[in-house]
Structure formats: structure tokens, C-alpha cells
Amino acid sequence: MATPPDAAARPEDWIGLVRNLRRWRRADERAPHKPLLMLYALARFQQGATELPFSTAEVHLRRLLDEFGPPRPTHPGYPFHYLVNDGVWEVRRGDGAPGSPGAEVGKLRAAEAVGSLAADLRADLTADPGLAARLAWTILESAFPPSLHAEICAEVGLDLTPVGPGEAAWPAWSAERRVRDAALRAQVLDAYACACAFCGYDGTLGRVPVGLEAAHVRWWAYDGPDELGNSLCLCSLHHRLLDAGVLGLTGDLRIAVSGSFRGRGPAAARAVADL
1226 MATPPDAAAR
1236 PEDWIGLVRN
1246 LRRWRRADER
1256 APHKPLLMLY
1266 ALARFQQGAT
1276 ELPFSTAEVH
1286 LRRLLDEFGP
1296 PRPTHPGYPF
1306 HYLVNDGVWE
1316 VRRGDGAPGS
1326 PGAEVGKLRA
1336 AEAVGSLAAD
1346 LRADLTADPG
1356 LAARLAWTIL
1366 ESAFPPSLHA
1376 EICAEVGLDL
1386 TPVGPGEAAW
1396 PAWSAERRVR
1406 DAALRAQVLD
1416 AYACACAFCG
1426 YDGTLGRVPV
1436 GLEAAHVRWW
1446 AYDGPDELGN
1456 SLCLCSLHHR
1466 LLDAGVLGLT
1476 GDLRIAVSGS
1486 FRGRGPAAAR
1496 AVADL
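End of the sequence shown = 1500 in my numbering, gap-free, step of one.
Hints should not be assumed to be uniformly reliable.
FRET-style restraints, in silico, Cβ to Cβ [what the hints assert, rightly or not]: (1) Val1433 <-> Glu1329: 52 to 58 Å; (2) Arg1489 <-> Thr1281: 29 to 35 Å; (3) Glu1452 <-> Gly1488: 30 to 36 Å.
Dumping the calculated EDC-like pairs for lysine to aspartate or glutamate here, alpha-carbon to alpha-carbon at most 20 Å [to be verified]: (4) Lys1332 <-> Glu1315; (5) Lys1332 <-> Glu1276; (6) Lys1332 <-> Glu1283; (7) Lys1332 <-> Asp1320.
Keep in mind that the hints were calculated from the coordinates and are not lab data.
Glycine included, C-beta positions come from ideal geometry on N, C-alpha and C.
Using the sequences plus the hints, can you model the full thing?
And the structure:
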């Protein structure tokens, strides 16, 4: 079990804990369950909720996992129970007894389980109003591709606005990566002649490419390198569809479409099925 930071080391050591949440992993897949629960809990804390009954959180976590989780059966009991081991989360039963009854949804419901951010973390979030945004940025950067950040924040209701004059909108450790991202984008767009590798879109505004992005084949959050060999030039739509798992690449570099994707009109067919 991870140990919460000592009082003398807080609050910035919380950054290290959330950046290194222990997650189930298989090959290139890392479960997003704990990061999604942490983002949801931080958003609820911003909104004044310090305790999260499982009966309430279950609905929201299911929706988050359906939208941003892996394409396999999963349930919200796992993060609600196991996040305790990372030192940032607590669970008690409805009768006040400490501890989680287990990861099974039925047990959590029957025990009327209630989760909350760790007490010391709540105290530091209260003392430092900007800490919630810094923690959220850290989780987003370490667990999800940038194309999903805005949607995740909107879905959970996170406010990432800096709260103090001169405060950065993201943690200092990510600034260097953002500089690398800009340099890599220029390199990738040049290599692909400023055209989407999937659909050929090559729009410009004047002489400036618009709606084209450098997409990682393997996410940086999953140890994908920031280099041309791990990148594609994609339009904004196909970048989002790649990161969402709608589109992928086979071993012989053919475009693959998820069997779970459904499109009702000809536009979806042109954008996905006909590639």
C-alpha cells in the first residue's frame, strides 16, 4: 500500500502518488479505472462533496468506463475498492466501520459503502485551492492522450482554471513535454506532406495547416516514444477516433475498425467504414 506524504512534504508529493497510481496492465493496455475515479473525486471535491456513496458514484463511473475505458466488460467496483492501496482514497461502510467490503458491486451496495479522498489530501486541497487542478493535469497527462482531456474534464465536471496570479495551467513537469509536442507536430506534418494518413484531408488557412495533428500510434501515457516512427499525421476527427479505439492499425499497417463501432448515416460510413 502506498504511504501518504508526511505533513512536511505535502502538498506537492501528492503529485507523485497520483502520477504513479498502480494499474492493472496487460501488454500495451493499462486499466484507466483508478485515474477516472480520481478525476471524478477531484471534480466532486471542487463542487463541495467530500464523501461519495457508491450508490451515487456507480452510475457516473459506469458511464466514464463505457466512454473512456477498455473495450471489454468492466465494472466500477474495482477502482472504488482498490484505489485505497494507493494512499489517496478511503472507504468506509454505511454503519461507519472502516474499510471496503470488497470489489464486488453487490457487496459495495449492500454495505452502503462510502468513498472519499484521503483525509490528509482533503486538508491539503482545502488549504491549496490550486492543488486539485495540478493533480488533475498530472492524471490526465500520465493516463490519457491529449485528444481526450477536454472530453474527460467536461464529463466529470473538472475546473482546471488556474486560481492564482502567475500559476501555470498545468504542472511544471509537463512543460518540457509540451515543447517537445510542438516540435514533433511540425516534424510529423512535414513527413506526411500536411495530409491525413487515413483520409487525405490537407486543409490550410492561408499557408498554415488547419485541423491536422501529430497522433501517437502508441500513447505517450503507455510508454509510446515521442518520435516520428511512433507518429501519424491525422485530421482531428481521425485522431480522436484512433485514441478512442474506433480505429487502429494492424500488423501490416492496414486500418482496422472496431467491431463495436456503429454509424447510422453515410457520413459515418465515409469517415470510418470506407477507409
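Exercise. Are lysine 1332 and glutamate 1276 close enough, with their CA atoms no more than 20 Å apart?
Worked result: holds (18 Å)
Exercise. Taking only the CA atoms, is the gap from lysine 1332 to glutamate 1315 under or equal to 20 Å?
Worked result: holds (16 Å)
Exercise. Has the given pair, lysine 1332 with glutamate 1283, been kept, meaning a C-alpha gap of at most 20 Å?
Worked result: holds (13 Å)
Problem set entry | Hint check for glutamate 1329 and valine 1433 - Cβ pair distance inside 52 to 58 Å | holds (54 Å)
Exercise. Lying within 30 to 36 Å: is that true of the beta-carbon distance glutamate 1452 to glycine 1488?
Worked result: holds (33 Å)
Exercise. Quick one, are lysine 1332 and aspartate 1320 close enough, alpha carbons at most 20 Å?
Worked result: holds (14 Å)
Exercise. So does arginine 1489 sit 29 to 35 Å from threonine 1281, Cβ to Cβ?
Worked result: Hint holds: Cβ distance 33 Å, inside 29 to 35 Å.
Comparing the model with each numbered hint stated earlier shows that all of them hold.
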